[in-house]
Amino acid sequence: MSRALDAGRAVVGWWTRPVPLARVAVLRVAIYLFVLYDIFRLTNDVIPMAHAPELYYPMWVGRVLPLPEPSVPLAQTLQIVIVVGCLVAATGFLPRVAGWIVAIAYLQWMVFSQGYGYVSHDHLALMVAVVVLPTIGRAKFTDTDSSESAGWAFRCIQVSVIATYFASAVVKWVRSGSPATWANGAVFIWAIMRRGSDLVRWTTDYPWLLIVAQWGLIIIEFLSPVVLWLKGKALYLAVVTFAGFHLMTYLALGIHFLPTVICWLAFLPLERLVPVAQRLKARVTAPGRSRTARP
Amino acid sequence: MESASAALYPVYSRAVSSEPAVRRISRRGLAWRLGVTGVALVILTMGQLQDTNDYFPLGSLSQYATPRDLDGTVRSVYMMADTESGERVRVPLNPQGVGVGRADIESQLNRIVDDPSLLQAIANSWSELHPDADPYVALYVMRSTYQLEDGIQQGEPEIEQLTSWEVER
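Taken in order, these protein sequences are the chains called A and B.
If you use this note's numbering, the first sequence corresponds to residues 1 to 295, in order.
If you use this note's numbering, the second sequence corresponds to residues 1 to 169, in order.
Do not take every clue at face value.
[To be verified] Some chain B residues near chain A, calculated using beta-carbon distances under 7 Å: (1) Pro-20; (2) Ile-25; (3) Asp-51; (4) Asp-54; (5) Phe-56; (6) Leu-61; (7) Gln-63; (8) Ser-76; (9) Pro-95; (10) Asp-104.
[What the hints assert, rightly or not] Derived CB-CB ranges, DEER-like: (11) A:Leu-251 x B:Leu-109: 26 to 32 Å; (12) A:His-256 x B:Glu-166: 34 to 40 Å; (13) B:Leu-162 x A:Thr-91: 46 to 52 Å; (14) B:Val-42 x A:Thr-203: 38 to 44 Å; (15) A:Val-276 x B:Ile-152: 49 to 55 Å; (16) B:Pro-116 x A:Leu-235: 51 to 57 Å; (17) A:Pro-66 x B:Leu-34: 24 to 30 Å; (18) A:Ile-80 x B:Val-42: 32 to 38 Å; (19) A:Arg-201 x B:Glu-166: 34 to 40 Å; (20) A:Thr-203 x B:Ser-117: 40 to 46 Å; (21) A:Thr-203 x B:Asn-94: 20 to 26 Å; (22) A:Ile-220 x B:Leu-109: 29 to 35 Å.
By construction, these hints were calculated from the structure, which means they are not laboratory data.
All C-beta atoms in this analysis are idealised placements derived from N, C-alpha and C, irrespective of residue type, glycine included.
Make the full structure from the sequences, and use the hints.
This is the structure in structure tokens:
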């Protein structure tokens, strides 16, 4: 009995391990500014697609919940709400109100963006981040305290980042019958023939090379949950490895997964940027003093 | 590591000293957080095992999950259009072109082949987004198919027309 209690306590402790509030303040800036980049550069199809509402073919949430149909005025309204909401939320002012407004508007935006047949798979962690950040509440760059509710939010983002890789390995298994069938197949050849860049087109002459790469990818994806328990240099190495993988798929196929990449920040000690920024600010705001001090 | 004494202070209270404190979660706050986490993880897991996008945003992470045969085919869908001035052009299936992307068309291919009138939306969207451009008068959904052998592409692709639509004004 007491052993079960200890195990339960360990699980709860893992999900709520305190995170410094200064880290929250920094991540919040990154996430909310990235959402702006997202709606203008990555999911910028929402307003153009609203011109073809006949092709709107939403997923379950769009069919079952009483959500509105896409239209150009609605899409433009959402865009304005997200811009204002993100700018306010990024400053840390009204973290809950602004955060929830962004969460609702951004989720509706994503239902539209992903509601025309194709569903992309790089936004899971970003959508989770936008939903959990408002639950933390006030957090300043200069806060020295840490918080368990911040810990839960960060853990949710971290787990959804890892799920993006691990679950994709699971689906490969489900769909192929065995991981080996997938890894020994022609997925990379298929992808490169359909949308490969000039940089990698030559690889289709060497199918064995791409099969080796497929094995490498599926192994990394299955091992990805280990990252949740890594610390220090090993963790940084893992972050660089996954970021490097996304850089490669970007150069090879034009697929960058930036919405997931930005959420890798939730693994890093971002609060260490605060003193660096403060020193930079001090140097910029007081340049005259050092000059006048000189004889 | 936070100071051990901080753990003894009640929810949201601070140590009097400037020692960093840990702000604890209330029991209620903990309960709903763990509940939401559990439900989300169950939906996400079901999304993978049932291999469905329908549970979006917690659906399957099926990017490039479909296995491909080294002796199979590589198919790619694209769209062509006849314009008012009599040219045959490739339809730009992207946000800057007609809004809807190639992957959207491929995902809805059966629906479009069953009911080609859906293509009217593509022509409308092109005219609305590019009012000064040459409007489309006819649309063709095309598919190119390359044959692979041991993973190596064999010759030129086979091109087929899957459906077409005369644009209504």
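Each hint, compared with the structure:
For Pro-20 (chain B), the suggested interface contact is upheld, since its CB lies about 4 Å from the closest CB of chain A, less than 7 Å. Restraint check, Ile-25 (chain B) versus chain A: the minimum CB separation of about 4 Å is within 7 Å; hint holds. Nearest Cβ of chain A to the Cβ of Asp-51 (chain B): about 5 Å, under the 7 Å cut. The hint holds. Taking 7 Å as the C-beta contact cut-off toward chain A, the hint placing Asp-54 (chain B) at the interface holds, the least distance being around 5 Å.
Because the closest C-beta pair between Phe-56 (chain B) and chain A is about 4 Å apart, less than 7 Å, the hint holds. Given hint, Leu-61 (chain B) at the interface with chain A, holds; its Cβ is 4 Å from that chain's nearest Cβ, closer than 7 Å. The beta carbon of Gln-63 (chain B) comes within 4 Å of a beta carbon in chain A, closer than 7 Å, and the hint placing it at the interface holds. Evaluation of the Ser-76 (chain B) hint against chain A yields a held restraint, the C-beta minimum of about 5 Å falling below 7 Å.
For Pro-95 (chain B), the suggested interface contact is upheld, since its CB lies about 4 Å from the closest CB of chain A, less than 7 Å. Of the supplied interface hints, the one on Asp-104 (chain B) holds, with its beta-carbon coming within about 4 Å of a beta-carbon of chain A, less than 7 Å. Between Leu-251 (chain A) and Leu-109 (chain B) the C-beta distance comes to about 29 Å, which sits within the given range of 26 to 32 Å. The given range of 34 to 40 Å is respected by His-256 (chain A) and Glu-166 (chain B), whose C-beta atoms sit roughly 39 Å from each other.
Checked against the hint of 46 to 52 Å, the pair Leu-162 (chain B) and Thr-91 (chain A) passes, with Cβ atoms roughly 51 Å apart. Taking 38 to 44 Å as the suggested C-beta distance range, the pair Val-42 (chain B) and Thr-203 (chain A) conforms, at roughly 40 Å. The hint said 49 to 55 Å for the Cβ distance between Val-276 (chain A) and Ile-152 (chain B), and at roughly 52 Å that hint holds. Remark: the range hint 51 to 57 Å for Pro-116 (chain B) to Leu-235 (chain A) is upheld by a beta-carbon distance near 53 Å.
Checking the proposed 24 to 30 Å range against Pro-66 (chain A) and Leu-34 (chain B) shows it holds: the Cβ atoms sit about 29 Å from each other. Checking the proposed 32 to 38 Å range against Ile-80 (chain A) and Val-42 (chain B) shows it holds: the Cβ atoms sit about 36 Å from each other. Here the CB-CB span from Arg-201 (chain A) to Glu-166 (chain B) is close to 37 Å, well matched to the stated 34 to 40 Å. Here the CB-CB span from Thr-203 (chain A) to Ser-117 (chain B) is close to 41 Å, well matched to the stated 40 to 46 Å.
Distance hint for Thr-203 (chain A) and Asn-94 (chain B): a CB-CB separation of about 25 Å, consistent with the stated range 20 to 26 Å. Restraint check, Ile-220 (chain A) to Leu-109 (chain B): a C-beta distance of roughly 32 Å satisfies the suggested window 29 to 35 Å.
The earlier numbered hints are all upheld by this structure, with none contradicted.
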